[in-house]
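Protein sequence lines correspond, in order, to chains A and B. Heads up, the final residue of the first sequence is numbered 418 in the numbering used here, and it's a clean run with no missing numbers. Heads up, the final residue of the second sequence is numbered 268 in the numbering used here, and it's a clean run with no missing numbers.
Take every hint as true, because none was put in to throw you off.
In silico lysine to any residue, SDA-like type, Cα no more than 20 Å apart, as pairs:
1. B:Lys216 / A:Ile36
2. B:Lys216 / A:Ala41
3. B:Lys217 / A:Val37
4. A:Lys169 / A:Arg205
What follows is a list of derived Cβ distance ranges for each label pair:
5. B:Ala183 / A:Pro218: 47 to 57 Å
6. A:Ala41 / B:Phe247: 19 to 29 Å
7. A:Phe264 / B:Val112: 52 to 62 Å
Keep in mind that the hints were calculated from the coordinates and are not lab data. Since we're looking at a predicted model, the values are computed, not measured. Each residue gets a CB set at the ideal place from its N, CA and C atoms; glycine is no exception.
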Amino acid sequence: MWTSDDAPLLAFGQGRSYGDTCLNNGGMIVTTAAMSMALAFDDQTGIIMVEAGMTLETLLRLAIPHGWFLPVVPGTRYVSVGGAVANDIHGKNHHRRGTFGCHVRRLELLRSDGQRMVCSQHAYADMFAATIGGLGLTGIITWVEMQLMPIASTTVTVDRLKVGSLDEAIDVQISTDHAHEYSVTWIDTTAPERSVGRGHVIRGDHAEHGPRSTASLSRQPRLTVPIEAPNWLLNRATVATFNTLYHHRQIGRRTVFDSDIVPYFWPLDAIARWNNLYGSRGMIQYQFVVPLEARNVIRQTLLRLRRAGVASFLTVLKTFGSIPSPGLLSFPRSGLTLSLDLPNQGAALLRLLDVIDAMVIEAGGALYPAKDVRMSATTFRASFPMLDRFEQYRDQQFSSTLWRRLTLEQP
Amino acid sequence: MTMTNIVIVGATSAIARALAERFINGASFVLVARDADRLRAIAADLTIRGARAAHVVQADLAEMSDHVRVVHETCAAMPSIDLVVIAHGVLPDQARCDADVDYAMATWMLNADSVVSLMHRFVNLLIEQGRGTAVVISSVAGDRGRASNYTYGAAKAAVTAYASGLRTRAAAHGVHVITVKPGFVDTPMTSHLKKNPLFASAGHVAGDIARAIARGSATVYTPWFWRPIMSVIKALPERIFGKLRA
Chain A
8 MWTSDDAPLL
18 AFGQGRSYGD
28 TCLNNGGMIV
38 TTAAMSMALA
48 FDDQTGIIMV
58 EAGMTLETLL
68 RLAIPHGWFL
78 PVVPGTRYVS
88 VGGAVANDIH
98 GKNHHRRGTF
108 GCHVRRLELL
118 RSDGQRMVCS
128 QHAYADMFAA
138 TIGGLGLTGI
148 ITWVEMQLMP
158 IASTTVTVDR
168 LKVGSLDEAI
178 DVQISTDHAH
188 EYSVTWIDTT
198 APERSVGRGH
208 VIRGDHAEHG
218 PRSTASLSRQ
228 PRLTVPIEAP
238 NWLLNRATVA
248 TFNTLYHHRQ
258 IGRRTVFDSD
268 IVPYFWPLDA
278 IARWNNLYGS
288 RGMIQYQFVV
298 PLEARNVIRQ
308 TLLRLRRAGV
318 ASFLTVLKTF
328 GSIPSPGLLS
338 FPRSGLTLSL
348 DLPNQGAALL
358 RLLDVIDAMV
368 IEAGGALYPA
378 KDVRMSATTF
388 RASFPMLDRF
398 EQYRDQQFSS
408 TLWRRLTLEQ
418 P
Chain B
23 MTMTNIVIVG
33 ATSAIARALA
43 ERFINGASFV
53 LVARDADRLR
63 AIAADLTIRG
73 ARAAHVVQAD
83 LAEMSDHVRV
93 VHETCAAMPS
103 IDLVVIAHGV
113 LPDQARCDAD
123 VDYAMATWML
133 NADSVVSLMH
143 RFVNLLIEQG
153 RGTAVVISSV
163 AGDRGRASNY
173 TYGAAKAAVT
183 AYASGLRTRA
193 AAHGVHVITV
203 KPGFVDTPMT
213 SHLKKNPLFA
223 SAGHVAGDIA
233 RAIARGSATV
243 YTPWFWRPIM
253 SVIKALPERI
263 FGKLRA
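Bound-form chain B, shown alone (with noise of 0.2 Å):
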């Protein structure tokens, strides 16, 4: 499956420039993030790197009115699309959303109404076009509201959920929807994060995100081990659960 043109929400992230790292011979890429100056240098990255174009569309996707203007921008900058990313988001600090609820619902528009939003709207666009693949980075956070991240764990539960019903809606429409389910992942998100083994690197979840591409997954945890680590985790009663404190 060659993958031609290829559209990333929140394209400066580094999962996101990790993937779009795998597709880059003579690919053409949109890229929306808020970030304009490091919107450029990674589309001249690309292009200098063999992509055939890379067009750039600056929004601050906290702001849902605009998002119409990222699709229009898009459809106006490639013919078709054949690859969507939506990898935008922000790790919140739960100890901040515990005190105040105004932080907490800030990250949560833009993890959760934001997210869906841009799916929604991307993924209503392949099943018009027919065909194509959407992924949407949701986290292994959304499997189970913890109490030192439940903010961020719920607002990817949201996109989890959602993801999980627009894929089966799309799929009648030779549409695919992949909800990609990272852990830890050595990013400048987590860099505040103390590193421990069960870190991975950007560039190995998205090796993972591609051969879920390939294969035409469903969800994909990466890395695999986080599987069978939540499918325990979220069969755990929550009086026992809530005992971890995890």
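Bound conformation, chain A alone (with noise of 0.2 Å):
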């Protein structure tokens, strides 16, 4: 039980988020990468049951050998399976598969009173659905059961399309998502003006050919960034260098190859502390949704990027599918989905971001809390409706940097 009423609690798994979702400052964290043990599994049925700081690269370690991979998987797997939970993580599989938390059949909340409740669709419902993308702001997960998705092998079938504009990457997608399990596109933002937003889609398939192997996973990331590197590192010229020879080192217009699941899910695991590349600045993460028909946001985003000067490393499109998100705070919904890696460059590009959160909210889209550390509180409003319903369901005891920050409630 947990009686002390000035310092809110917040559960702190392997701390992989992009913004102050899993900070407390001021405040208990209570650190779960010691509660890491599988507690049942079901090499028939592909049903688990782990304890919520494993990370999802133990858990695969277990699965992958009997056959079975997790359903929704996100850009590392270097993240608890708590964490997936608290922020209703998506993939590149949403159009097919929904969030992590379609896949979670019942997990354990220990409340602050003491109370622990195992939660599901069936059994405290609500709690459930406030649980899952609720920001760990319930409660502490102690323990997670999900079904997990069958494999033939760690093969990934990679079908990678050039395409030369905007439009063409949204239309591809939108016509052959169905064809794929995975699907994305990478955009090269320092395309010119006229062909803004070309780039590649790049869709996979779990191939039924090929080993079925847990080796790479456990290979230890070959480099490493020790130090934050100097902020003039990456400017616009070499983000502008690296998009280019991205988009022009595939010749052809379409390339088929086979690929490990390894470099295909999570290339950035490679390069330990990548993070380090962006200097004492740091990055801004920035994904919003909007709905289908309002792309122009998309293309708004891009050009005004553009225009500013704020090149983006990483740039990724996707489509999410319709199914619906199970969480009351859960960030995925029917639409466009946009991410950028910003290097930090100070209040000018704050403002920029200002005016595209604007539009996103205007065109009925929200930002996605997981990645934030700017948004308003205006803006959170707006964008998750059931905020009302889930202050029932929070846990009072319990509380983070980034809910502070977007309920402007003092700690």
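Each of the two chains sits in its own frame; use the hints to bring them together as a complex.
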């Protein structure tokens, strides 16, 4: 039982969120890394029950040899299962599988009054919906039971198509998503204005052929960025060079090749502490979703950043499908989502993002709290209509830096 | 070298758990510790993650009279032993030890007598079978008595010296004894201590131990930088060392 009135609690997993969702300045954090045991696994049905501090990598290492894979994986495998639930994360297959929370059967929640609640769609269903995507604010998730997805091998067949414009990228995604498990568009943000949105639509499917191996998962990153780079390293010129080279490395319009799961899903995991590349000022990850018909917001975003001289190192566009997200505060909803990695250039960039926020909200979209460091309380409230309902289920002893910022509640 | 039959005494300790993970695939474990619920959970975890079997032996290792049973039950559970890890211990509160000798001796019993007894019994078993590796977790704290933790340090010094003698004796019979001297490790045992850059993770320590097992090292400092640090600390004359109030 937690009785302290002055120190709010928050569970902290692997600390991999881009924003302050896992921070609790002035409060207490409960680290979950040591809470990482496998509790049960049925290799016939693919139902697994693990402690919430287990990382996705550890889970995959035990599941893959039995022919099972996580139905939703994010861009890094070094996150905890509890964090994946609390942020109701999505992957490149949202159009097929929805969010991570869609595959959670049950979870146990430890509340500050000491009560342990086993939540599912059938028991404490409201608390279940509040906890999925609930930013860790309903209590500590102690274990999670989920349904895995069968795979035949750890090979992914990749089909990469070069597109010359934003409209082409979106049209290709909308018309071919149904045929592929995974689909995203990498966007060359430094393309000239007339071809804004050009890039590669990268589709992928688990192959039937090839080995089923966890060897590549266990390999440690070969490259490390040990210290912060100077702030000028990632400037417009170097980012443009990288993006242009990446865009043109594919000579033909379309290539199809086999890839291992590790470089396919987690290319950035190959470089330990890559965030140091951004220097002491750091980076701002900016991700929003807008309805399909609001593709102009995507175009305007790319154009405005371009005109402001802000070059995003890595820009990804994806369609979110129509599978409803299970959480009251889940971010994914049907439409187009754009994510950008922006070097933190200070006040001018923040002002520009405020302008883009307004376009997103106007179009009926939302910003992703799990990646946010700067949106306003008004923007948050406008894009999460279930906020008041969520507040009924929040554990009043729990809070986070993000939560205080987005609800303007002082610690 | 494949480690198929592995005995872990103090199996609920963070370093022991991290080390078990290194050898999971296809291995059989005997796990010895006091907390039965936690032992069963760890056994289930190892089995789900690819271990062939995980037997549980519940024992309060402070009860020296129970050590014979621990060895017997281990032998009943596996036909031979490839690797024994002795990992149990407590980190006493030195201020309390200073004032309360009964408490100091209780921790001494567990950190020195009990560790030595189990190490000796299992190494004898390995010598009987004519092969195998024993790993004992000592500490850099055993390299020099410090005012801030001499009860713990001296117990570890006893373990280090005992293991060194056992190693020489066992080597003649094809048995290898490894002394592990971790520095600060971020585990539940040190959860009350303020963390600094010298702290290593249990996973890092386990990696160093696994390498020492593969190489057949005698003594391993983990992380490696403790070896030069301790060689300096050991060489300091007492009158200077005492002034450091370390």
